[in-house]
Each structure stands twice: as C-alpha cells, then as structure tokens.
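J.: Protein sequences, first through last, are from chains A and B.
Heads up, the working numbering is the position in the first sequence plus 190, with the first residue counted as 1.
Heads up, the working numbering is the position in the second sequence plus 348, with the first residue counted as 1.
Among these hints, one or two may not hold up.
Straight-line Cα separation of at most 25 Å, BS3-like style, residue types lysine-lysine; simulated pairs [as the list claims (entries may be wrong)]:
id : chain 1 : residue 1 : chain 2 : residue 2
1  : A       : Lys616    : B       : Lys417
2  : A       : Lys616    : B       : Lys644
3  : B       : Lys364    : A       : Lys620
4  : A       : Lys206    : B       : Lys644
5  : A       : Lys206    : B       : Lys354
It is worth saying that the hints were derived from the structure and are not from the lab.
Listed below are the residues making up each chain.
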Amino acid sequence: MARLTFRGGIHPYEGKELTKDKPIRTVMPKGDLVYPVSQHIGAPATPIVAVGDHVLVGQKIAEASGFVSAPIYATVSGTVKAIEPRRLATGGMCNSIIVENDGAYTEVEWPKMKPVEQMTTQEKIDLVREAGVVGMGGAGFPTAVKFQPKEPDRIEYVIANCSECEPYLTSDYRRMVEEPELLLNGLKIAVSLFPNARGILAIEDNKPDCIAKYRELTQNDDRIMVKALRTKYPEGAERMLIYACTGREINSSMLPADAGCIVDNVDTLCAVYRAVAEGRPLMERIVTITGDAVADPCNYKVRIGTNYRELLDASGGFVREPAKIISGGPMMGFAVFDLDVPTTKTASALTCLTRDAVSEMAPSACINCAKCVDVCPEGLIPKNLADAVEHGEDARFLAEYGMECCECGCCSYICPARRQLTQLIKGMRKIQLANRKKK
Amino acid sequence: MAEMMKVSSNPHFRSKVTTANIMMWVIIALLPAAGVGIYTFGVDALIILVLSVASAVLTEYVYELLMHKEITIRDCSAAVTGLLLGLNLPSTVPWWLPIIGSVFAILVVKMLFGGLGQNFMNPALGGRCFLVISFPALMTNFVTDAFSGPTPLAALKAGENISIMTMITGIEAGTIGETSMIAIVAGACILILLGIIDLRIPGSYIVSFVLFLILFGGHGVNGAYLSAHLAGGGLMLGAFFMATDYVSSPITSKGKYIYGVILGILTGIFRVFGSSAEGVSFAIIIGNLMVPLIEKFTLPRAFGIPKESRKGAKA
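Next up, chain A with everything else stripped away, as it sits in the complex:
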C-alpha cells in the first residue's frame, strides 16, 4: 500500500527557485575532456584506445571489465592525449582517458535500430549494458545489472525516481518538464522487461505541474501510474521511496528487487530510451549549476567529461566569493577543493555557496534532545551510534544497526549541538565494510 511518505526526514531550505524556471541550455566543451574509467559501482572499465588515437563522438573508449561494470564512450571527436590518473570530484584519483577536443563533433555511424516492439527482453538489456548506462542519481550502479534480478517475474513495480529531494537540484525537474516523452518511453521500456510489472512515476508534491502533466500523459496507460509523494528529504533515497510507493520495507542487505521493485532515476530512464530505441550510448546528462555564488544559475545539457569550470564559466562565473563548492547538492554532495575536475555519469550538480554552515560552528556537547532520533528515516539512534564510534565500540555500533544508516545527513543537519553525527557514522561504516571484505 502506498504511504506517500515515510517516517522521519527533514525540510531543509530547497533553493530550487534559483534554477527551476530556467530552460536547459546546451553547452559545448572547448577544452580537453576527461573520462575516468571508474564512473560506476563495480570493476573499472578497461581503456581500449591508445595515446594518439583519433576518436569520434559515440566511439567506445573503454569497455566493461566484468558483469558489474560499464563501458565508457567519447562524447567529442578528437585525439587521445593521455591516459593518466586525474582528480575526481569525490576527492580521489582515478585513471582517466583524456581527449583533446577537435571541435568538429564528428559522430560515428549510428547503428540502424529495429522497432522496440520487436526486440526481445535480452536484446533490450544487452543494448542498455552496451550503452554504458548506470544509475545517474549518484550511486552509479550499472542499470543492465539492475534489470536482471534473479526472478524477473516477481518484479511488480518499476519506480521512476522523480522526487529530486536534494536541495538546489532541478536537473530532473527540467528534464521532466522539457522532455516528457523521453522519460515516459524510457520507463515503458523498463516496464516491458518484466512481465508482471507496472511503472510508477514517483513525484514529490512540490512539483504540482509535473504531477498534473504526467497524470494527463499516462491516463490511457494502465501500466503506468503517477504517485504524488509528500515533499520531504530524503524521499528519493531508494529505501524510503520504495516504502512511500508500496509500503514495503527493505534493509541495507536487501535489494529493491527483494521488495518486487526496480528503482531508476529520471536521467537514467532517459538514457535507457536512447540506448534501446536510438542505439545511442550514454554521452550526456543534465547538470544544475547553482548556488548564491553563481552569476547565472542554470541547467545544462552536458557532454560527460566536460570540465566543471567550463560549466561555471557558461553560468557567468562567480558573482560572489564562494565559501564552499559542492559536486552534487548540499545534503549528499561532495565538497571539492578545486574546480578542475570532470563531470561524470553521476554528476548531477555543482552547488556554489557563499556560506559554509559547517565551518562556522564547532561541535558542542550532546544535550540528548532526540532530534536526530526523530528525523532518522532508518529508525536509528544516531546519537548512540556516534557515541559508539567515538568510544571505539564496534560491537555496539553493529548491534544498534549502524550498518543500516543510509548516510542521508538528516541527523547532522538537525543536531543543535552541531555534532558531526553522519560523518562519524559514515567513517565507521567504511571501516566495517572494509573489514567485511578482508574476511
């Protein structure tokens, strides 16, 4: 049963008015393009081009190196300049293919596609895998793997995650407003992979225009329905979304498929459509350039691999001194210390803020106010978990379900003592996951 909401959560400042009404602009890269070989969860892709090779738009430059992996395609034409480690927005270094853009955008010859209706399920999934489609909401899980659960017959819902609960981000919203057929047809393809599935467009009720529009577009389609969810962060977190849409709960060691669900984000479904119906690999995405430090905040259709700085320049650069630059949104994004990083398949936004709320206040003593308990969507006691981390009590951390944390950041957001709750819990989770691997 649909609850349309979930327990806990917060209502942070949304900041979406900055870019919500700005149509998507296309930005053409001028400088070099950087393609990290690891833009997804799973094995890094293996480069199949050498330095000096000439590549075309849509040419595969790195191929998947395992079942859970994804190939990478050139998004401009030009010459491979180097294959070397480069800095990512997430902070680490990653082996990357660097292509010098010749500015001609010469494309490969696109394959002739047969009509989608005549394709078999396996053909469609193969096309999705070959196109390098991964979850573009941030996790980067290869979509073709998601489309092959153990028991496809038991999938009841394919949920299009249109909630976009992260503050400031409007890339999904603009896509939904401007290219509804792309999203709907992508969802229809995904639904067609599962004999017993229905499609759900899960839209937060802060986008009433989208809800009305998609209700109208799907009124004659009994396999697709629209669910208006109550606006709250983190509605778009997979586990919360499944609960809000179906009333089913899954924990950290389960997959959405265990609840009969497949969840995909807006851009991902659009990429699925392009891969299956048009034979185009994943080459572009919508990126929101926003924040009060930016002269002209806007949404861009970006060729993946474009440098963040070029996007910022397209938005007129900084109008005020930025205090913090975030790849992604303020709740889940990664703070970057340098703008010279490439956009990847999972880069949804660049948020440039003139205020850094975090460094303004030092953590103080916990007053046991229980606000973290009340907002935790996972039903945890963040205060106890953070205490366990500070005291090095691994056993207590595990016993109180520390591994169930989805790192949404609600507890750190709400904490009046400004404790780094999410950060402490996140650190311990990493340690525990690494320990699991060792065993």
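Use these hints to put chain B onto chain A, whose structure you have.
T.: This is chain B only, laid out in the frame that chain A set:
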C-alpha cells in the same frame, strides 16, 4: 584555482536551531510563569529569581575557569537551571537559599558529572530536593503578606475547600513559578509550537497521573478533585518544563511514553500516599535515574529489519 576551497564530509547544510537558541526559548517560555510569580509575590520573588539565575551562571563560569575548561555559559543552559530552581522556591526564603541551591545544582549535579549533557538528573530539581531535605521549614513556608493559608494541595489533603479559579490564574500560595497553570501552559505552547518539546512526555505523564488518581485517589471520577490536582502544586511546571529536560529524559520515542507513565504513577503515589502534599520533584528525579534502563529496553527496530530477526541481528 590558486587557493584551495574548504572541504568537509556531507551534509553541508545545518538547521538554524542551536543549543543556545533552544535554551533561550525555554527561558522565554518560562517568563509568563515568572511574571505571574512576581506579580503575585512582589519584589521578593524577583530578587530570588535574579539570585538563583546569577549564581547558577556564575558557578558554571567559575568552575570552568578554575578547571581550565572552555567557558560554556553562552549556551544559556545554566541560566535555565537557575531560573527553574528559582521558580521552584517559595518567595519567603532567605536570600542565601537560592544561592546554595544553584551552587549545588550546577556544581554537584551538573559540572562534577561532566557538564552539559552528562548530568544524570535534572540539575534544578536536584538543587531543589537538596534544599527541601536540608531546610524543610524554609522550603515549605508559603506564608506571605498576601497569603496566610496553606497551598491549595495542602488544603486539599487536609480536606478543606479550595478555589479552582485561583489555581488556574495563579493568585494563590505556592512557589514562585508553579502557581499559575495558565501561564505555564501558555509558555509550554510556545515550546510545542516551535518543536522544542512535544507532548509525548507531558501527555503520558498527565494522563497516567489522572488515571492513577481515579483508581487510587479515593474520590473516583471527581472533577473538582482531579482538576485541583492538575492545576495545583508543581505538576504543570514539572510536566512541561522539567520532565521534558532533554538531558535527563529518554532519547527513544517509546521510552518517552514509558518515562511519562512512570512519572505519572510516582507522582500519584507520592501525592496520595505520601506525607507531603507534593510529589512532582521526587517523582521526576527517580524517573531520571531509570532513564538509562528505559533507553536500553526501548531501542527501536531499524527500518527494514523484520521483527522476528531482531535478536538474530544482534547476535
């Protein structure tokens, strides 16, 4: 970029609510009760409130200075403790009594256990109970120029007639801050509307207390008797401002209800069967001591963890 940007782990947003402004709001919410107290008991009451607040803040400051610790008086928590203690004193007490009470509350109950967040009981109530035990005559002298009779609850216990109306407005004998039900509830409403406190603890406290009175009070469902108990004594002040003290109440949601019920039953026992007419302070202090146990047994089930496998996940 020549200069590197600051980085930190997500989230990069924080709500505007801080410890200091929560404490400020608690002080603001206590002002109606303090105001009625000063109106009713005159300038004596004002002097006592000022003394208890000032000595509480000063004690914390001096202690931290001597111990070379960070000065934390700006978080206003010491001021809240001082104010609550002052509101719990009769206006007739000598000037040194609030000072002793505040020093005990801050130094012994709060700072010696590690300061804010570490005290196992409500400091203001700890201070008050210390004073009640040490100076019982002074602490129960409610005779002022305006009022010569006993407090309404004492009168009720002795079988005399009482006026509900004066208990609700607060123009009657009692401690400075406890007499006016209407002022206390108005202050509590501010805190509830701001989301600083909620009704889980006060609600279950008051409901279970009323049920206890109906069952064991000896008057059955008697409107006058019940409303006298609700409006009289420290129940309202205790339920809304002291039982809800963050530090000394349970963190779990279920725990909050259980804690409220325990307080309701204890208050009922103390008021009906005890020797004194009052019982709220001791009920809350004993409730405070049970908090670690309550929290331990009310750990919530995490999202997505099936009910039956809960023990298995722990092993």
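J.: Look at each hint and say if it fits the structure.
T.: Results of checking the hints against the structure:
1. A:Lys616 x B:Lys417: 30 Å, violated
2. A:Lys616 x B:Lys644: Holds, at about 23 Å.
3. B:Lys364 x A:Lys620: With Cα atoms ~29 Å apart, lysine 364 of chain B and lysine 620 of chain A exceed 25 Å; violated.
4. A:Lys206 x B:Lys644: 42 Å, violated
5. A:Lys206 x B:Lys354: Distance ~24 Å between lysine 206 of chain A and lysine 354 of chain B Cα, so the pair holds.
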